[in-house]
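**Q** So the chains spell out like this:
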Amino acid sequence: MSWIKQLKKIYVNRQVKNSPLVENILSRLVSIPFQLVDGLEDIQSELQLAPDPIAESKRTLFLTREKAFIRPCPCTRGAVGCGYWTLDLDLNCPLDCSYCLLQAYFDLQPLTIAVNRHELEAELKAFFGHRNSQVVRLGTGELSDSLALDSITGQASFLAGLFRQREGVWLELKTKTASIDSLLEISPPDKVVVAWSLNSKRIIASEENGSASLEERLGSAARAVEHGYKVAFHFDPVIYYYNWEREYEEVIEELLEKVPAGSIAWISLGTLRFPGKLKEIARERFSQSLIFEEEFVRAWDGKFRYPKPLRLKIYKKFKDLFQAQALSDRLYLCMESPEVWKEFTRQNKKGKLLASPFSWLN
Amino acid sequence: MEFKEISLSDLRLKDRRFNFTLDEPDEKFLASVRQVGITEPVKIKAEDGSLILVTGWKRMESARAGGLKKIPVRILPAGLTDLEILRLAFFENYPQRDFSLAEKALLVKKFLEFGLSQEELIREILPRLQLPPERPTIETLVKLAALDRALPGIHRGRWKLATARLFLSFPLEEQKLIVGLAGAFNHNQQAELIDLLFTLKKRQAKPLAAILSEQEIEPLVKEMKEGKPPAADRLLTALREKALPRLSCLNREIQAAIKKINLPGQGRLNYDQTLEKTGVSIWLEARSKDELESALKNLNESLKAGEWDTLFKILNNKIDE
Numbered sequence: 001m002s003w004i005k006q007l008k009k010i011y012v013n014r015q016v017k018n019s020p021l022v023e024n025i026l027s028r029l030v031s032i033p034f035q036l037v038d039g040l041e042d043i044q045s046e047l048q049l050a051p052d053p054i055a056e057s058k059r060t061l062f063l064t065r066e067k068a069f070i071r072p073c074p075c076t077r078g079a080v081g082c083g084y085w086t087l088d089l090d091l092n093c094p095l096d097c098s099y100c101l102l103q104a105y106f107d108l109q110p111l112t113i114a115v116n117r118h119e120l121e122a123e124l125k126a127f128f129g130h131r132n133s134q135v136v137r138l139g140t141g142e143l144s145d146s147l148a149l150d151s152i153t154g155q156a157s158f159l160a161g162l163f164r165q166r167e168g169v170w171l172e173l174k175t176k177t178a179s180i181d182s183l184l185e186i187s188p189p190d191k192v193v194v195a196w197s198l199n200s201k202r203i204i205a206s207e208e209n210g211s212a213s214l215e216e217r218l219g220s221a222a223r224a225v226e227h228g229y230k231v232a233f234h235f236d237p238v239i240y241y242y243n244w245e246r247e248y249e250e251v252i253e254e255l256l257e258k259v260p261a262g263s264i265a266w267i268s269l270g271t272l273r274f275p276g277k278l279k280e281i282a283r284e285r286f287s288q289s290l291i292f293e294e295e296f297v298r299a300w301d302g303k304f305r306y307p308k309p310l311r312l313k314i315y316k317k318f319k320d321l322f323q324a325q326a327l328s329d330r331l332y333l334c335m336e337s338p339e340v341w342k343e344f345t346r347q348n349k350k351g352k353l354l355a356s357p358f359s360w361l362n
Numbered sequence: 001m002e003f004k005e006i007s008l009s010d011l012r013l014k015d016r017r018f019n020f021t022l023d024e025p026d027e028k029f030l031a032s033v034r035q036v037g038i039t040e041p042v043k044i045k046a047e048d049g050s051l052i053l054v055t056g057w058k059r060m061e062s063a064r065a066g067g068l069k070k071i072p073v074r075i076l077p078a079g080l081t082d083l084e085i086l087r088l089a090f091f092e093n094y095p096q097r098d099f100s101l102a103e104k105a106l107l108v109k110k111f112l113e114f115g116l117s118q119e120e121l122i123r124e125i126l127p128r129l130q131l132p133p134e135r136p137t138i139e140t141l142v143k144l145a146a147l148d149r150a151l152p153g154i155h156r157g158r159w160k161l162a163t164a165r166l167f168l169s170f171p172l173e174e175q176k177l178i179v180g181l182a183g184a185f186n187h188n189q190q191a192e193l194i195d196l197l198f199t200l201k202k203r204q205a206k207p208l209a210a211i212l213s214e215q216e217i218e219p220l221v222k223e224m225k226e227g228k229p230p231a232a233d234r235l236l237t238a239l240r241e242k243a244l245p246r247l248s249c250l251n252r253e254i255q256a257a258i259k260k261i262n263l264p265g266q267g268r269l270n271y272d273q274t275l276e277k278t279g280v281s282i283w284l285e286a287r288s289k290d291e292l293e294s295a296l297k298n299l300n301e302s303l304k305a306g307e308w309d310t311l312f313k314i315l316n317n318k319i320d321e
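For the protein sequence lines, the chains are A and B, in the order given.
Take the first sequence: its letter number 30 is residue 30 in our numbering, and every next letter is one higher.
Take the second sequence: its letter number 193 is residue 193 in our numbering, and every next letter is one higher.
Isolated chain B, as found in the complex:
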């Protein structure tokens, strides 16, 4: 492999056929490049007088951001096919880092485009990507890769395969609606958001737009579009309440009942919000025998005053239709 230094401007960067990296260089990476430049050469392919970047996309981006004019490169031997080069790029990368689902989707799409058979993908690549080595996995990833402009968001949201499958089950217009909302949520919330929207849509047999236009939801969606961050949390809560109406209602009643209890001093009360356990746990703080005695006395008085009745009644209650 020939080693040399070339001008960044000599690279044909529009040709991204070997790129499957969606990570942008972070501050540490940039600082490192600013200090010592690029120490590990990137790999390139020479083709018809052009130089095409194969590996080292983050290094190249950092070099550009750091104002470097030249970078060290290794030129791959002539005669390698695109498939062989992609394979090389993959195997160079895969021991070093975990790929996001969006990156895996890009990889799978490129392998197929370069002529790798589905069978080889299933046997050789998918297990290394820690994905179910089955044809439906390939189908999902190919569809995901086709989303192109949404991929960076999916990458940042660290979607899993199940979330991607749910997302892809929505029609294109609804996918756009979801992508428009998802950016305001962290990755766990994104998965929950898509799950909740899927459930509500299926349960109510309504288009997504109609669900998002419902009275309790629409103002929150509007606030989110206006960039008000707390609205995202409230939207998720509102969707949860719609998807889990009985449980939400019981939990609201329980919270109200707890508020009516005068717990002594620093006392706290916990209960199982899934309602699997009927019991509650009470936490008291005392620094002396007297404090403990006083706390227990207060607790006893609140019991006698009937402050706990509603709580236990609800916790032991049945759901009425």
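Chain A with its partners taken away, still in its complex shape:
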């Protein structure tokens, strides 16, 4: 794991110093110095002295406890939601994508791993108890990459175990890595979906620093399917640039060559969008990146987006490509306006969640 080589220091919250998981993680990272701290503030005072505090936060590990783990996905104001729930055990991500919202969302947040899993188990139990009558999707990929830290946390297989035989409740593990080894060591629970964020080879190389190549991602997706997992894909953010149509078409061709269409649980689409703060950060940290210099409008939610006609053109292109494989019913849009949804699906989605229309999940 290349990110482990970059790790400079581990901090352990005194409250969890005796946790077996802490011992386990430290035993895997013996060459990295560690220090006990009273809280996040002790670490932040170090991070803020770094020339690039965001990069430094990705080289700093913090083992701690969190108070709560499950929350409804905040989506974005005024967009059509998809009924997703986030399960946040890790905060921040060792990958360094230029467009990553976490750069603006977190403020001096080291790579944080919550080790109080018994409390997570209790929260999940209560959650399962209240939600047994409808299809629910939860995922760990909102505030981190679901599998990037897995080699030291073993979190994926732990979580997969908790979702075994849970009717109507789906766990999604979303990643830009190829780290699925621990998932291949267990028998796949049928409601656990391994998902990959995909992008064109050009964008992966120029914008998704530290992530696996497209080939590696699709190769691991194929192995996951072979092992019995359902998989999902997220074309998010789709980035508009010269030759985007051809290059995304190639991704889809490669995807469908390697992964059987029948194993795909869902596919999401979302075009590049970002708050002004992210643009400021990314322009500073990724001076070679051109993606923030395209044509954007400040949309209804205050975020910058491509003009709607361009977004529609992009979504239509993807829909056409997947329609040819009878996969268009697996598609949904992430954080889009009711107007775009309407034009995309030719149905009025305003005010409705999308979770129930995933009829094939039942």
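Warning: the hint list may mix true and false statements.
Once the Cα atoms are required to be at most 30 Å apart in a straight line, the calculated DSSO-like pairs of lysine-lysine come out as [to be verified]: (1) Lys313/A with Lys260/B; (2) Lys303/A with Lys206/B; (3) Lys277/B with Lys342/A; (4) Lys67/A with Lys9/A.
A few chain B residues that face chain A, going by a derived Cβ cut-off under 7 Å, partial list only [unchecked claim]: (5) Lys206; (6) Lys242; (7) Leu275.
I should point out that these hints are in silico values taken from the structure, not numbers from a laboratory.
C-beta: ideal position from N, C-alpha, C; glycine also.
Start from chain A and add chain B according to the hints.
**A** Leaving out everything else, chain B in the frame of chain A:
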């Protein structure tokens, strides 16, 4: 602290080590000084027989402008270091007013020069300046403070940190070009100008001079240099059109389509210029049932005549490459 009145000429005003004020005294301030003089003593440091102004730079300037010969002062106790004095000046000022980014840059530079560590700056000063308490903030402010002659313009333009960072990413020669243009714009426009120039430069991979020499831009730059104020607005519009070509083109087409619609009487038509919303809103004015009926009739006739077709066609259109 010793209190006394001294002659203005006794102050060594060339020594500006404690000055971080870029505001000039306004008319109200001057009028007040003319009426009642300086009522609040300025603070000074006595050093090797010289008197150095610490706080009260605006009061001193007003006193000079108002023709006062003497001002009341408090002399700081001997033995205070420059750092301690700057800290005193800062804490005396900061509850009373907001500092501009240019003033904050001066402050940070002076604190560092007087020996405050980066760590102390980050922990103690930056949060009070409402700036991100991080090392990159200090680096930006130090670079900004080094611009010296451009600082008053940056102060007047009320730049934010993000604008300063973009500006500093241009090479020195291009910074001069920008400073030469920016003075003609208000503060929001200055931020937009720098943002647009940054985008265009990066997108086109051309030097700024080449962008400003383009056919649609060069005459406007020339007019601006000749001091023709409306040219600034037109330059901004031209740069926007270059940075947002699709949207600008669609908006032009929409405006043309709207012009072709004969709206009744005082009727108005609004649409979302970001094109996020396809719909339009129509505003009609009627003072009686008859007027309303007539307005609706006119509207209906314009619909039947096909005057609205182009507008809705464009609003529902897709972008063709």
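**Q** Taking the hints in turn, state whether each one holds.
**A** Evaluation of the provided hints:
1. Of the supplied pair hints, the one linking lysine 313/A and lysine 260/B holds, its CA atoms being roughly 28 Å apart against a limit of 30 Å.
2. Using a Cα cut-off of 30 Å, the hinted pair lysine 303/A and lysine 206/B holds, with the two alpha carbons roughly 28 Å apart.
3. For the given pair, lysine 277/B sits about 12 Å from lysine 342/A by alpha-carbon distance, which is consistent with the 30 Å threshold.
4. Taking the CA atoms of lysine 67/A and lysine 9/A, the gap is about 24 Å. The hint holds against a cut of 30 Å.
5. The beta carbon of lysine 206/B comes no nearer than 13 Å to any beta carbon in chain A, farther than 7 Å, and the hint placing it at the interface is violated.
6. At about 10 Å, the closest approach between the beta carbon of lysine 242/B and any beta carbon in chain A exceeds 7 Å, and the interface hint on this residue is violated.
7. Given hint, leucine 275/B at the interface with chain A, holds; its Cβ is 5 Å from that chain's nearest Cβ, closer than 7 Å.
Hint compliance for this structure: hints 5, 6 are not met, and every other hint is.
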